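Colleague: Single-letter residue listing:
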Amino acid sequence: MQTSDVTYDHGKGDDLLANDLPSKGAGQSRWQGIAFAALLLAAPSFAGDFWLSVFMMPWLILSLAGIGLNITTGYAGLLSIGAGGFMAVGAYGMYAFAVHGGIENFLVILLLGGLATAIVGFLVGIPSTRIGGFYVIVTTLAAQFFLVWLFGDVPWFYNYSPVPTIALPPTVQLFGLNLTNDPIVSYYFVVVTVIALTWVAKNLVESPIGRNWIAVRDMNIAAQVIGIKVNSSKILAFAIGGFYLGIAGALWAFLFLQNGSPEGFGLDKSFQVLFLIIIGGMGTIRGNFIGAAFVLLLPIVITAASSWIFGNSEFQGLLSNTDNVIFGALIVLILIKEPEGFDKLIRNLSTKIQR
Amino acid sequence: MSTFLETLISGVLTGMMYSLVAISFILIFRASGVFNYAQGAMMLFSTLFFVTMLGEGAPFIVALLIAIITSVLLAVAVERVVLRPMANSSAVTLFMATLGVSYVVNGLAQGILGTETQGLDLGIEDTPIFVGGVLVSRFDLWAAGFSLCVVILLALFFSRTRLGISVRAVADDTAAAQSVGINLSRIWQVSWALSAVVGLFAGMIWGASQGVSFSLEFLILKALPVLIIGGFTSIEGAIVAGILVGGGEALAETYLSPYIGGGLGSWFAYVLAVAFLLIRPTGLFGDAAIERV
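First to last, the sequence lines map onto chains A and B.
According to the working numbering, the stretch in the first sequence is residues 260 to 614, in order.
According to the working numbering, the stretch in the second sequence is residues -5 to 287, in order.
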């Protein structure tokens, strides 16, 4: 790999330098955050149940998954293609605590599912201490394939039912509230969870821990020289990213879809979460919400637009693939023109307006 | 014993096909440091194009020539339009860009050429034959022999031709190669073109045994552990690792499945690769990665 210095430069993530320092925008971003949270909490008063459960819920949950992957990949620079697998650990872990552990408090088993995923993230992160950011693709892919196989083929994980699909037993409640039946209640649960975890993540990435991740990402050896514990930083990024992905996976399975299956957490899910952080912005928190909205809305817009243009003609085959083509082209375009994603575009725009 | 040998041999012969796919990656990676995830989609596109032409009644040779030209044009275009503007980006960013390319090429391939599985008949009978008391598939033997020919041709190209030696020079030390007047962008184009042709051959062999379909794209996921085990830059490594992965996978599928359930094939190679990463991160024959501050 000696080709590196002249041509394609390995290892130096100059192109991914994100908004590393909060600097002058810090106060402003806090007000933005509070306004955003207030808007989310007020949403049920102007949006119908349908919108809440069909768009708002998956959007918020995917954003949370994006934050998890962004911690590992965007901040610590460890490219993970195992997001789907980690989300599956959250869902199947939570299910195991409910069914085999007999715990009936939704919040408790959700957190336990998240912790289980953090432990899996820790284990998957161990090889990354010996290899560079790029080779991590393989360890995370290994985890992805192994985990999906595990939850689909080992009957203990789906409680010996004939199919590996899981749904929470009705006895699981949150202080007497049944979360899975009432869209308003489950929406509020998701909103509060996402706001709280986003706030934690925002503070985490601006704390010394987050600074260390960025240092490790941008220049591994230099980070080591100035005394950052590179290996524990990497493993921590996997564990915390895993926790977020696990929570997101459990919410996705039990509150959005009402059930979980191994196929739902396959490689496609991993790519979806990866794409949303590329589109939204690697190494940002706000970008996850933009990217998640994008990956959810784009297919709907494309389908609507193309059926309006083509009608239901013989282009149907072409139509079903338009999503993929546009997504792929968008990814390439963003990486060439603006590697920091839509978040950077918005930041540029707001600086222009302020001037 | 003969079951063991038959499993092993059929696994090893399948492994040769993994090697061929892995080699098509190595050709690009050695010269330009790009891990081209879109290789699978490009293989799918050119193989599907080839089969469609055959289906429309084109003569074999004509279809083959057109498929080769198309695949080369596609590869050179991807290099020129996507990877060239991104030179000097990190390996991770380049990888993500090729991920985007794979979605585009895959969508176009299936949108234009259709999503049904198509058969490909290369005129080789798939009848089992006995070799020393062991049953071996004739097709697998042909496929392995063909892979071997491709590898020998590549080895000759790299050791005997001026162009091949230039490619090696670039892989070895890009700055030095440039300073003696080797045209870097031409070398990149040659590498991408070669890789496309090797990919097309791999796709044809795989398509002839399994049918040409969407699943062809996932061959890259099989090639990835082969690359890790063999080392990202070594063609010899890819061959040895392909055999190792193919043989190991077949044996594990036969002898471990009764104990821990089926479907091992989806992750066995990866667990093997992770084990290798822990013991020998550069792979069997790979260059030691040098990190610079």
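Hint data in this document are derived by calculation from the structure and do not stem from the laboratory.
Quick caveat: nothing in here was measured; it's all calculated off a predicted structure.
Take these hints with a grain of salt, some might be off.
[As the list claims (entries may be wrong)] Coverage of chain A stretches by chain B, computed from C-beta distances (three or more under 8 Å per stretch; other residues unrestricted):
#, segment
1, 310 to 320
2, 395 to 405
3, 528 to 539
4, 592 to 599
[Claimed, not checked] The following label-pair restraints were derived from C-beta to C-beta distances:
#, chain 1, residue 1, chain 2, residue 2, range
5, B, D166, A, A426, 42 to 50 Å
6, A, I568, B, R180, 36 to 44 Å
7, A, P414, B, I123, 53 to 61 Å
8, B, P252, A, V560, 31 to 39 Å
9, B, G108, A, I568, 41 to 49 Å
10, B, P252, A, G292, 54 to 62 Å
11, B, I106, A, T424, 49 to 57 Å
12, B, E247, A, K488, 51 to 59 Å
13, A, W290, B, I63, 15 to 23 Å
Backbone N, C-alpha and C fix where the C-beta goes; we use that ideal spot for every residue, glycine too.
Colleague: Of the numbered hints stated earlier in the document, which are not met by this structure?
Modeller: Numbers 1, 5, 7, 8, 9, 11, 12 and 13, in rising order.
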